[in-house]
Every structure is written in C-alpha cells, then in structure tokens.
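Asker: Sequence:
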Amino acid sequence: MPVGELTSTLANAPGYEIDPSRVPAVTPAEISTEVPLKSSDLGNSAELPTEATSLEIKSCSSSATFTMPAADVSLVTSSVLPGLGSSSINALSANTEEPSELSESNTPSAVGMNGDDESGSHKDNFEGRGCERAALNDFKANVIIEAEPKASESNQEKDLVVEESDLRDSIETEAWRGEQRHVFVLSSSGKPVYSRHGSEDKLVTLFGVMQALVSIVEDSDDKIESIHFGKNVIVFQVRGPIILVAVSKKNDSVLFCNNQLTYVYNQIVSVLTLKTVTSIFERRQNYDLRRLLAGSERLIDHLLQFYETEPSIFMNGISYIPMPSAHRESVSSAIVSACSKIKNLVYAVLVANNKLISLARKRGYSMSPSDLHLILNMVAASESLKTAESWTPICLPNFNIDGFLYAHVSYMADDCPACLLLLTVDQEQFFQLSEAKMKITEKLVKNKSMTFINEVLKAPPSLWMSLHALGLSKIRHFIYKCRKTSIVVSSPLSPPYSTTEEANALFTKYQTLYSSMIHSNPQIHTLFQTSAEESVVCLLTEKYEILVAVEPMVKKQLALDMITKLCQWVQSEEDRFFLSSVPYL
2 MPVGELTSTL ANAPGYEIDP SRVPAVTPAE ISTEVPLKSS DLGNSAELPT
52 EATSLEIKSC SSSATFTMPA ADVSLVTSSV LPGLGSSSIN ALSANTEEPS
102 ELSESNTPSA VGMNGDDESG SHKDNFEGRG CERAALNDFK ANVIIEAEPK
152 ASESNQEKDL VVEESDLRDS IETEAWRGEQ RHVFVLSSSG KPVYSRHGSE
202 DKLVTLFGVM QALVSIVEDS DDKIESIHFG KNVIVFQVRG PIILVAVSKK
252 NDSVLFCNNQ LTYVYNQIVS VLTLKTVTSI FERRQNYDLR RLLAGSERLI
302 DHLLQFYETE PSIFMNGISY IPMPSAHRES VSSAIVSACS KIKNLVYAVL
352 VANNKLISLA RKRGYSMSPS DLHLILNMVA ASESLKTAES WTPICLPNFN
402 IDGFLYAHVS YMADDCPACL LLLTVDQEQF FQLSEAKMKI TEKLVKNKSM
452 TFINEVLKAP PSLWMSLHAL GLSKIRHFIY KCRKTSIVVS SPLSPPYSTT
502 EEANALFTKY QTLYSSMIHS NPQIHTLFQT SAEESVVCLL TEKYEILVAV
552 EPMVKKQLAL DMITKLCQWV QSEEDRFFLS SVPYL
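The number in the working numbering is simply the position in the sequence shown, starting from 1, with 1 added.
Possibly wrong hints are sitting among the right ones.
What the hints assert, rightly or not - Below, simulated BS3-like cross-link-like pairs (lysine-lysine); rule was C-alpha separation at most 30 Å, straight line:
id, residue 1, residue 2
1, 344, 363
2, 544, 510
3, 566, 475
4, 475, 251
5, 566, 356
Said to hold, decoys possible - Quick list of simulated restraints, FRET-style, between CB atoms:
id, residue 1, residue 2, range
6, 566, 461, 21 to 29 Å
7, 432, 562, 28 to 36 Å
8, 426, 552, 34 to 42 Å
9, 205, 582, 48 to 56 Å
Keep in mind the hints are simulated off the structure, nothing from the lab.
Cβ coordinates follow ideal geometry from the N, Cα and C atoms, glycine included.
Make a model of the complete structure from these sequences and hints.
Answerer: See below:
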C-alpha cells in the first residue's frame with residue numbers, strides 16, 4: 002500500500018478526521034478502503050503518554066506525516082522499533098471481499114540492485130525502472146485522531162494477533178528492549194539472516210513484520226526508505242534478495258544508518274561474493290543464508306561497533322599510524338623489494354591498531370576506504386590470526402564484487418602488533434607469499450624499522466599530539482579529513498570522553514551535525530551546535546572537512562579561530578600523518 006493510499010484509508014476510517022488544509026488533492030482512483038484503520042486495531046499502550054505525536058513514513062517517491070495519540074503510534078512502531086511500546090503485534094486485516102495485504106506480502110517480489118557510492122548515498126532501480134528520490138515535502142498529511150471507535154466483532158475475528166508469549170524470550174527482556182541501536186538482516190522471503198541483539202530464531206515474527214512492510218510498498222512500485230517517530234528512526238535498505246533494517250533511538254540521521262547498513266551488506270558480500278548470494282536465492286528464495294555465514298556473525302558485530310567509534314570509518318576515510326615520512330618510506334621499500342616480482346599480487350597492506358602503516362599496490366589498482374575498513378575489521382575481530390599464518394579468501398566489493406582475493410595474513414613478530422596482509426588473485430600462492438613475508442621481516446629487522454614500529458605503537462598518543470601544547474586546550478576532540486586524499490586525522494579520546502558511552506554520545510552529535518551539513522544548502526559551510534556538555538562545530542571547505550568538540554562556553558568566533566590554527570598545524574604535519582604517494586608493487 003503506497004503512502005498515498007494509507008492516507009486515504011485513514012481518511013475513510015470512522016472516528017478519524019483529516020485537516021483538509023494540510024492534505025493535497027487525492028484522485029478517486031487513489032482512494033482505498035481496503036483496510037479501515039481504527040484505534041482498536043492498533044491496541045492500547047500504557048508505556049507512552051497520550052498526547053498527540055507524529056509518525057512519518059518515507060518511501061522513494063513520497064512522504065507522509067501522521068499525527069495521532071502516542072500510545073497508538075507506539076503500537077504501530079513497536080513491532081519494528083523495539084522498546085517503544087507493547088510487544089504484541091496486531092497485523093491489520095483487509096475486508097471480507099479482498100485477500101489480506103499481509104498475506105499477499107508474504108510472496109517475495111523481485112527487486113533490482115542498488116548502486117552505492119562511497120558516501121553511502123544511493124539511487125534505486127527496480128527491474129530497469131529508475132526510481133528517483135522525491136523531495137521530502139512533496140506529500141505530507143496531518144491526521145488527527147479524535148475518538149477511539151470500538152472494534153466490530155467481525156474485525157476482531159480477522160485480526161492476526163501474535164501472542165506476547167511468542168516474543169517474550171527476546172523482545173520482552175529488559176536488556177534487549179533497552180538497546181539503543183538494532184540492526185536486522187533478512188531475505189526477501191522473510192528468512193532471518195542476522196540480528197545485532199538477541200537470537201534470530203526467537204525474532205521470527207519480527208522479521209516477518211519487516212518483510213511485510215517492504216513487500217507492501219514494493220507491490221505498489223515504490224520502496225520504503227525510513228519511518229520516523231520523534232528521535233527514533235527505522236531505515237530500510239533492499240539489496241536484491243537481502244533486506245537490511247537499522248533501528249535507532251539515539252537521534253541518528255538516515256545517512257548514518259544507511260551507511261551502516263551498506264557496511265553490513267559489504268561485510269556479508271566479503272564472505273560470500275555477490276555472485277554466490279544471487280545464485281543461491283535464484284535457485285531457492287527461502288534459503289537460510291545463515292548456513293553459509295556461520296561463524297561470520299562476529300565480523301558483523303565488530304563492524305557495527307567499529308563503525309560507531311572509529312573516526313576514519315565514520316568519515317569514510319583512511320587513518321595512518323603517525324610516524325616520520327623517512328621511516329614509513331623505509332617500511333614501504335622493504336615490502337616492495339620483497340614482493341615486486343610476485344605475479345598476481347595486487348595489494349600489500351601493513352596495519353596496526355585499526356590504522357595503516359603502509360600500503361603498496363599493483364599499478365592500475367587502488368583501494369577504496371570501505372574495502373580497507375573490511376580488511377581492518379577482519380584483522381581486529383579475528384584473534385586466531387595472531388597465532389599462525391593464515392590463508393583466507395576475502396571479497397572486496399569495490400575491487401571485484403563477484404570474486405575473491407586470497408589473503409596471506411600474518412603478524413610481523415610475536416612481540417609486534419603490526420599485521421601484514423598480502424592479497425593475490427591466485428589461490429595457489431600461499432607458500433610463495435609466506436616466503437615473501439619472511440623476507441620482509443628480515444629487511445625490517447635489519448634496517449631497524451621493526452624496532453621503530455614497536456616503539457611508535459607503544460608510545461602514548463600525547464607524544465605525537467597534544468592540544469594543550471599547541472595552545473588549543475579548549476578543544477576537546479577533533480576529526481580532520483583531507484578531501485583530496487581521504488586521509489583522516491583525529492585526536493585521541495580523553496576525559497570527558499574516556500568511556501564508551503561518552504565517546505558514543507560525542508560521535509552521535511558528530512554524525513547528526515555532519516549529516517545536517519551534507520543535506521543543507523551548499524552555500525552553508527559551517528554549523529555550530531551548543532549544549533550543556535560541549536559545543537560541536539562542523540566546517541567544510543574545498544580542501545578539508547573537520548568536526549570539533551570544544552568547551553561549552555566557547556563563543557563561535559573563538560572556536561573558528563582555534564579551528565583555523567588547528568588545521569594549519571595538521572597541514573604542517575602532513576609528512577607525519579599522511580602518505581604522499583602509494584608505492585607500486
């Protein structure tokens with residue numbers, strides 16, 4: 002049912018009244034009375050106050066805002082937005098002459114793939130039909146619920162009710178409902194694939210509701226994008242046979258949630274390849290993808306935490322371990338000399354602490370930040386890689402979404418936290434790459450680069466960056482991104498951002514302000530947000546993007562002056578933070 006039909010349905014329901022001045026004209030063909038929506042269908046909730054609030058549903062082609070008692074909105078959203086209301090789900094039934102919308106939606110419908118750029122924005126295509134994103138104010142309606150009509154006996158018999166006991170094991174647990182962010186992955190037939198919190202098997206009904214929402218809108222040649230309720234948002238992404246849903250109660254932006262879902266999708270593809278996923282669901286639409294992803298849940302779990310706390314992934318950039326350029330060049334030279342004659346080797350990557358030390362590549366190939374983030378996530382999430390050399394296939398979606406690279410993964414030494422990855426297209430090169438790794442280690446030991454790497458990684462962050470020493474003590478934290486190279490520099494987290502909760506709160510403010518800037522007037526280059534905790538500044542120029550948290554009483558002009566001084570210092574230290582050029586293998 003498209004958003005327009007949903008509005009018309011509400012208009013014809015007894016006990017509801019539409020403000021004509023706020024509703025665009027509706028043609029007779031658009032009017033639908035299939036589902037007379039009533040307050041009794043939605044149920045009652047004592048968890049939220051009864052004052053009017055709004056529920057905004059956005060699809061690819063339209064948007065509608067509904068104002069109704071918060072208790073009723075709670076039950077509309079509780080089935081997909083955990084923790085807002087009752088856990089019972091009342092599925093709305095159709096009239097006696099037509100089959101139920103919900104039952105129709107259980108039949109999977111074919112959809113096309115979305116093409117995503119590095120920023121996470123996307124344009125949707127269905128069976129070759131372009132679906133352009135509409136302006137959010139193209140269609141808005143205000144529905145005011147005045148009275149709560151009684152449900153007829155026949156309607157009560159036709160309601161599909163999921164008993165609370167079916168969901169109690171997961172949804173009714175306080176810890177599960179208290180989570181601020183959820184991510185769900187399911188197939189287009191409604192089969193569970195992944196849940197960030199709780200067991201997928203105990204959330205089957207919840208997955209069915211999400212699949213129904215997507216299918217109902219797709220049946221009308223549209224695509225559901227998001228549902229908004231106060232500071233809460235549900236964001237949907239449909240990627241061929243896979244549906245991804247992000248739920249947030251932290252005032253996250255749609256851009257943030259969409260980028261998060263894109264990373265989750267890329268993580269799944271990195272394990273299986275898109276070709277494998279597509280062929281499986283072409284043969285069996287109800288296939289349980291968890292069979293092939295068994296053991297990979299930890300990668301998705303870690304990736305979600307990584308995305309929310311790591312500045313480089315949040316800014317879609319690359320961070321390097323700070324070190325003098327001469328030492329970095331010495332490390333790169335050792336890698337290139339040991340690997341330059343190895344046929345089919347595409348990348349050589351040395352990483353530590355979720356950052357790059359060195360990167361070398363075959364001429365004609367580059368590595369996107371999002372592909373690098375998948376590599377960093379694999380290293381950080383896999384403790385077993387520390388014990389021995391490993392040989393693992395990995396699909397990098399921006400390199401080849403349908404095929405694997407084969408990675409020789411090993412740590413440089415028992416006492417060194419740096420990890421070397423040699424990626425090739427030849428699955429028979431393990432021993433050749435193992436020999437190359439030994440040569441690299443020997444060269445790094447001989448030129449004392451290994452010792453220097455260990456010293457740099459053990460040094461406290463204040464050794465290479467002290468805002469107090471720069472005379473910028475009123476700046477608490479910053480994230481700087483060079484727009485030309487996508488290299489990200491950020492200050493270490495320190496009080497008042499020492500705990501995970503405090504850091505998450507700051508990054509939530511960062512991403513909200515950054516999203517507002519991206520979607521604002523192109524002529525606006527600075528946003529300044531104040532609060533009792535801190536003031537946050539977002540500044541975009543032709544050369545760089547920067548997010549800064551300063552003390553709450555700092556005036557805007559003083560903050561901008563400090564940011565100017567900070568940017569000048571970062572640019573003066575480019576040799577330490579940046580890699581001027583990536584060497585070729």
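Asker: Can you name, in rising order, the numbers of the hints this structure does not satisfy?
Answerer: The structure conflicts with hints 7 and 8, although it agrees with all the remaining ones.
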